[in-house]
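Student: Residue numbers (the working numbering), protein chains in the order written: chain A, 1 to 111; chain B, 1 to 115.
Check before you lean on any hint, since a few could be wrong.
[To be verified] In the EDC-like style, the derived pairs of lysine to aspartate or glutamate whose C-alpha atoms are separated by at most 20 Å in a straight line are: (1) Lys78(B) <-> Glu44(B); (2) Lys42(A) <-> Asp63(B); (3) Lys42(A) <-> Asp56(B); (4) Lys68(B) <-> Asp56(B); (5) Lys24(B) <-> Glu81(A); (6) Lys79(A) <-> Glu45(A); (7) Lys79(A) <-> Glu55(A).
[Stated by the list, open to error] Partial pick of chain B residues on the chain A-facing surface, computed with a CB cut under 7 Å: (8) Gly42; (9) Leu43; (10) Gly103; (11) Ser108.
[As the list claims (entries may be wrong)] Beyond 10 Å from chain A on every Cβ pair, some chain B residues (computed): (12) Val4; (13) Arg22; (14) Lys24; (15) Leu45; (16) Asn52; (17) Arg64; (18) Ala67; (19) Pro70; (20) Lys78; (21) Gln80; (22) Arg85; (23) Ser87; (24) Ala88; (25) Tyr104; (26) Thr105; (27) Val115.
No wet-lab data here; the hints were simulated from the structure.
Quick caveat: nothing in here was measured; it's all calculated off a predicted structure.
Just so it is clear, CB atoms sit at the ideal spot from N, CA and C, and this is done for glycine as well.
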Amino acid sequence: EDQVTQSPEALRLQEGESSSLNCSYTVSGLRGLFWYRQDPGKGPEFLFTLYSAGEEKEKERLKATLTKKESFLHITAPKPEDSATYLCAGAGGTSYGKLTFGQGTILTVHP
Amino acid sequence: DAGVIQSPRHEVTEMGQEVTLRCKPISGHDYLFWYRQTMMRGLELLIYFNNNVPIDDSGMPEDRFSAKMPNASFSTLKIQPSEPRDSAVYFCASSFSGAGNYGYTFGSGTRLTVV
């Protein structure tokens, strides 16, 4: 059974304090590793897809990286508007689009 | 595009009643997914469709749950009879297989409370 585990469960940062979120995965035949952002009362918003170990993607203050067992979401000089829940998900096997989600990391950035 | 549209946003119902959740996917998207989100279990895939055909319903918790997609622009998730443990946020998402990045677009969800 595919599993995705995120850590920490919650992270509090001061504005400007860089850090990383971790996503460990056991996904058979990984076809893609996804990162989403979810704000309270809203659906998850797609951020990145990573396909192979060594791949990196960037968007503003966020950078996602992938190894054979983990993915990291690096947040550089965060701002209060980066506060949200960040979700990691893996897609494996031959079933297109069937994602297994982690429990998420709740990020709070204080001004 | 208006994105994935779900209705209602909130639903409060009594145990034993039938509940129907609705979803309009993004035009041109060929995949539609129904997810349930709770604090305890996170996001769980219930069922998904490709070109209106159900592909995998292994996540549907029991026979009380059913989903249909009569055409490319509409899907429903029905719970009959509803129970308090069904209380959760139900998300619909759609995607286009030709995009290559597998990124879903989620709706804003329906918060269901069964009392």
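Student: Mind listing which of the numbered hints don't hold for this structure, in increasing order?
Tutor: 2, 3, 5, 7, 12, 15, 25 and 26
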